[in-house]
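Start from the sequences and build out the full structure, keeping to the hints where you can.
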Amino acid sequence: MKAIRITYWVTTAIIALMMTYSAYAYLTKTEMDQAFQHIGYPAYFRIELAIAKLVGVVLLLLPMVGSRLKEWTYAGFAFTFVSAAIAHAAAGDPMPHPVVPIVFLGILAASYFTYHKLKK
Numbered sequence: 001m002k003a004i005r006i007t008y009w010v011t012t013a014i015i016a017l018m019m020t021y022s023a024y025a026y027l028t029k030t031e032m033d034q035a036f037q038h039i040g041y042p043a044y045f046r047i048e049l050a051i052a053k054l055v056g057v058v059l060l061l062l063p064m065v066g067s068r069l070k071e072w073t074y075a076g077f078a079f080t081f082v083s084a085a086i087a088h089a090a091a092g093d094p095m096p097h098p099v100v101p102i103v104f105l106g107i108l109a110a111s112y113f114t115y116h117k118l119k120k
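Residue numbers for the sequence shown follow this note's numbering, beginning at 1 and rising by one.
Keep in mind that the hints are not guaranteed to be accurate.
[Stated by the list, open to error] Here are the in silico distance ranges between beta carbons for each label pair:
no. : residue 1 : residue 2 : range
1   : H38       : W9        : 20 to 26 Å
2   : F113      : E31       : 16 to 22 Å
3   : A89       : V55       : 23 to 29 Å
[Claimed, not checked] Calculated lysine-lysine pairs in the BS3-like style (CA-CA distance at most 25 Å, straight line):
no. : residue 1 : residue 2
4   : K119      : K70
5   : K70       : K117
6   : K120      : K2
7   : K120      : K29
8   : K2        : K117
9   : K117      : K29
10  : K29       : K70
These are calculated hints, taken from the structure and not from any lab test.
Using N, Cα and C, we set each Cβ at its ideal position, and we do this for glycine too.
Spelled out as structure tokens, the structure:
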């Protein structure tokens with residue numbers, strides 16, 4: 001049980017840190033605006049996605065959040081990672097770009113499955 005708890009918190013912390021940093025980058029770095037334009041997304045989507053990521057981080061980390069809301073948070077992050085991989089691949093970005101979201105999807109999956117093991 002201790003290993004499951006450690007795995008849950010490590011994987012959840014990695015996701016939370018990555019999502020927080022990417023939200024920060026979306027809101028502050030001009031390169032991110034250019035990257036969104038390169039992929040073909042409108043400028044406002046970058047702001048919406050940053051806000052959604054920050055809200056998701058809060059929902060993922062707070063222990064008093066209900067399991068249904070956490071399920072939606074995990075689903076939203078999964079959709080984000082899958083969509084990012086597809087968008088990078090469709091835009092013709094070089095190989096590390098489409099693969100990185102899939103790696104984080106695996107980390108998110110580990111967090112999700114250990115979350116449910118802890119709930120039992």
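Now the hints, each set against the structure:
{"no.": "1", "hint": "H38 <-> W9: 20 to 26 Å", "result": "violated (35 Å)"}
{"no.": "2", "hint": "F113 <-> E31: 16 to 22 Å", "result": "violated (34 Å)"}
{"no.": "3", "hint": "A89 <-> V55: 23 to 29 Å", "result": "holds (27 Å)"}
{"no.": "4", "hint": "K119 <-> K70", "result": "holds (12 Å)"}
{"no.": "5", "hint": "K70 <-> K117", "result": "holds (14 Å)"}
{"no.": "6", "hint": "K120 <-> K2", "result": "holds (14 Å)"}
{"no.": "7", "hint": "K120 <-> K29", "result": "violated (42 Å)"}
{"no.": "8", "hint": "K2 <-> K117", "result": "holds (11 Å)"}
{"no.": "9", "hint": "K117 <-> K29", "result": "violated (38 Å)"}
{"no.": "10", "hint": "K29 <-> K70", "result": "violated (29 Å)"}
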